[in-house]
Amino acid sequence: MNISRRQMLILLPAAAVAWESVLAGSPEASPNYKISDHWWGMLIDIPKCIGCGNCVRACQTENDVPEGFFRTWVERYHRSDWTMAQTGALSANPLIDPEVISPDGGKEGFPVATDESGRYFFVPKLCNHCADSPCTQVCPVGATFIGPDGVVLVDQSYCLGCAYCVQACPYGCRYIHPEKKVADKCTLCYHRITKGLTTACCEACPTGARQLFDLKNPKDPIHEFLKTHSVQVLKPQMATGAKAFYNGLDGSVR
Amino acid sequence: MGVFKDTGHLFRFAGLFVLAFLVFLVVRHFVVPKSFGEYGHYRGAAIGEIAARPVKFAGHETCEACHSDEAAKKTAGKHAHVNCEACHGALAQHADDPTVKPVLPETAVLCARCHSASAAKPKGFPQVDPASHSQGLPCESCHQPHNPGMDAPKTDAGGAK
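If you read the sequences in order, they're chains C and S.
For my numbering, add 17 to where a residue sits in the first sequence, where the first one is 1.
For my numbering, add 19 to where a residue sits in the second sequence, where the first one is 1.
One or more of the hints may lead you astray.
[Stated by the list, open to error] Straight-line alpha carbon distances no greater than 25 Å define the calculated BS3-like cross-link-like pairs of lysine-lysine that follow: (1) C/LYS198 x S/LYS142; (2) C/LYS197 x S/LYS75; (3) S/LYS142 x C/LYS197.
[Unchecked claim] Just so you have them, the derived chain C footprint on chain S, three or more residues with Cβ under 8 Å: (4) 54-63; (5) 100-107; (6) 136-147.
Keep in mind that the hints were calculated from the coordinates and are not lab data.
Bear in mind the structure is a predicted one, so any value in this text is a computation, not a measurement.
Every residue gets a Cβ at the ideal spot worked out from N, C-alpha and C, and that includes glycine.
The shape of chain S in the complex, shown without the other chains:
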């Protein structure tokens, strides 16, 4: 110890440094969220929070659990791969509570969205000029939306009554 004289002030400074570090740790403990760094440089709990947001599209499996008759009609036709909610819209509310009645989509708007002719659409995709194709008749007078082929059994338009 004889090498340095008056080392006391160094220890005081070191003590101050350690104290500041302690204060930093205490503040950090309260400021940084608990799950920060759980998976990486972010709040791990955010993943769960984002996953907990409500679902609006129920998914076709949910629809088919009750509406297996309509699903069977659809499977037989060209719309087999079109999911229910692609036309009927988001219906998770209806799936949770069947008393919430969905609005039946309007075929004039709905069919035209995909099937109105345009040079931009893939050539193999069935498309018509709505005005000249049906002379103003609604689509469902010939096509049943769940199985739109002309040879399909033409009962009602399908869907909720």
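Bound conformation, chain C alone:
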């Protein structure tokens, strides 16, 4: 076979490209977990949340979340009674201006509320694991991504720590890890759900206010729940395809 130098120059890059595709593809880590068979999300049942902070503590234990940072946190909303008639100020609109507190992320619970007026409720927050997540779109190096099972993850060995994603997340769910100096966030306890366990926050929730669901599992109780309840997502106007579904969400929640 006679190959001229010119033909060789054309063939070599072609061979290199072919070799690339041979090398690509490595076996999956969890042998019993089929990544394409799942589409994870979480249901937050607001009327059930008592603001005990168990989820926040469990998350910090399970994931070694540094002190003062949160992968999940709980906010307490107080929507006061309508007082606009007395004050005449627009800011007194309780739908626009609820009082929101989250002392240390609600980790140690909340101060006792004595004001019986208005309406109180707790809103646990976490990464919404958006199907069209703004945070993964801005990553310049491909260090954060939506996995084939719908979980938004950070490849911490690849992350540069530029914090674009921290700014991009409309829900404030990301932070730069103070020691690792890379982006960190809720993984939906990926190391647990791939082993058939539920997330640490769901495991620790005493009232069942948080429930992990898998939309691709036809036996998941979420399907029945969605038929009988009207759930909402946070900031639907941002079209993030959020998969943290909130039942009983008040209009004042932002």
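Since chain C is already given, all that's left is putting chain S on it; use the hints.
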């Protein structure tokens, strides 16, 4: 070939271009991780690495495999849907190696976390003012944590001895 004269330098330039492209491919081969692009514009192996992190909460199924007696007590009462580790804390270490003894939670702190009265809590949720409710007595002198109803058989406080 008669149209262009002195085309040699064009071929030299093209050769240089191809060579640069080859160098790029070789460098790229070593710099880009093997699994990059496996599922998308990211390192596919990262998924496995994240999934391989250690578990700290064993999960209630694991607890119930050994402590079926306590689980049965719990199922009979109002705490049926409260998972073991919601009160006992993360105990995967204990599940892996039962010689690691878990610390029995302190009921005064534990019960109050959920059941201390606050106007902010849902109205239907059982809540008391700990100070006036028990006059300083520990919760477990009346309530058995695994089945906290007053009509529940009051044996020991439950849990490890």
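Check of the region 100-107 of chain S against chain C for coverage (Cβ-Cβ below 8 Å, three residues minimum): Check passed, 6 qualifying residues.
Restraint status (C-alpha distance of S/LYS142 to C/LYS197 at most 25 Å): Violated: S/LYS142 and C/LYS197 sit about 43 Å apart, past 25 Å.
Whether chain C covers the region 136-147 of chain S (at least 3 residues having a Cβ closer than 8 Å to its Cβ atoms): holds (count 7)
Pair hint outcome, C/LYS197 versus S/LYS75 [Cα-Cα no greater than 25 Å]: With a Cα-Cα distance of about 21 Å, the restraint between C/LYS197 and S/LYS75 holds, given a limit of 25 Å.
Coverage of the region 54-63 of chain S by chain C (three or more Cβ within 8 Å): Holds: 10 residues of the region 54-63 of chain S have a Cβ under 8 Å from chain C.
Hint consistency between C/LYS198 and S/LYS142 [alpha-carbon to alpha-carbon, up to 25 Å]: violated, 43 Å
Hint compliance for this structure: hints 1 and 3 are broken, all remaining hints hold.
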